[in-house]
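Q: Just need the whole structure built from these sequences, with the hints factored in.
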Amino acid sequence: MYKDMVVGGRKWADLEVARNTAGQADSARGAGGGAGAGGGARVVVSQGELCQHVLVQHGGAAQLVRVVSAYVASLARAGLAVQQPAAELAVRALVTRGAAPRLRALLRRAALTDARPLACALLSLGHLDPAAAQLALDMLWRLKGYEEVVEVLLSWDEPVAALGAARQAGLGALPPRKLLAAARAHAQAQGRPTAFTAIYHALQARNERTRGSPHFLKGTLHFR
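Count the sequence shown with full-length UniProt numbering and you get residues 1 to 224, in order.
Careful, some of the hints might be misleading.
Unchecked claim - Beta-carbon label-pair distances, calculated as ranges:
(1) L80 to L217: 46 to 56 Å
(2) K144 to Q63: 56 to 66 Å
(3) Q63 to R108: 44 to 54 Å
(4) P214 to R142: 33 to 43 Å
(5) W156 to A78: 17 to 27 Å
(6) G164 to S74: 24 to 34 Å
(7) T210 to G164: 11 to 21 Å
(8) Q63 to C120: 19 to 29 Å
(9) S74 to H127: 47 to 57 Å
(10) A181 to S74: 44 to 54 Å
These aren't lab readings, by the way, just hints derived from the structure by calculation. Every residue gets a Cβ at the ideal spot worked out from N, C-alpha and C, and that includes glycine.
A: Written out as structure tokens, the structure is:
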């Protein structure tokens, strides 16, 4: 399969060279030069083109993890930013093939840089590997996407963690009613009322700290 990937890539590259250099030889001779004088013709292949015409076409290849990892690492070594198509392809290939350690290594070395589209791609693969979802949350946090992190935690039925994230980020516009509703649903689904109790008392403490009274006001409340 690896050989097929290489052969397929070369065929596509040869076609691109032929298409982009058609007629150049005649014009070069007319100008008194030729391809031989300055070496072979140069064709720029974008990251998106390489992904679409070579890597995606061999998505089932056994060596795809190694090839994609090497490609992303080579871009980083050359000082080139890994663009969204290549980054998302790398994430999908590594997560779906159980190569999370390679993915973490690429992120740690900044070969793959933080970006919201990449974080969303990681989140979408969280059902295959929980580590991918955690990497997404870490990335969103570094990008200061605090509200997104809180919303994701609430969607995961993790109201206590959502409360902790909101407090750590200093979010003052998160309605307590929303947190309490999530905590109540969690308590009913899991049969553990401790989450609701913890959040309720945390909000009461907030009220005491900000207004001098633990009681809730009517209408919309905000957690600080």
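Q: For each hint, tell me whether it holds in the structure or not.
A: Taking the hints in turn, this is what the structure says about them:
1. Separated by about 54 Å at the C-beta atoms, L80 and L217 satisfy the suggested range of 46 to 56 Å.
2. As the Cβ distance of K144 to Q63 is approximately 38 Å, the hint placing it in 56 to 66 Å is violated.
3. The hinted range of 44 to 54 Å is not satisfied by Q63 and R108, whose Cβ atoms lie roughly 23 Å apart.
4. Checked against the given bound of 33 to 43 Å, the beta carbons of P214 and R142, roughly 35 Å apart, stay inside it.
5. Checked against the hint of 17 to 27 Å, the C-beta distance between W156 and A78 comes to roughly 38 Å, which is inconsistent with it.
6. As the Cβ distance of G164 to S74 is approximately 40 Å, the hint placing it in 24 to 34 Å is violated.
7. Taking 11 to 21 Å as the suggested C-beta distance range, the pair T210 and G164 conforms, at roughly 18 Å.
8. In this structure the hint that Q63 and C120 lie 19 to 29 Å apart at CB holds, the actual value being about 27 Å.
9. In this structure the supplied range 47 to 57 Å is violated for S74 paired with H127, their Cβ-Cβ distance being about 31 Å.
10. One distance hint, 44 to 54 Å for the beta-carbon pair A181 and S74, holds here, with the actual separation near 49 Å.
Going down the numbered hints, you'll see the structure goes against 2, 3, 5, 6 and 9, while the others check out.
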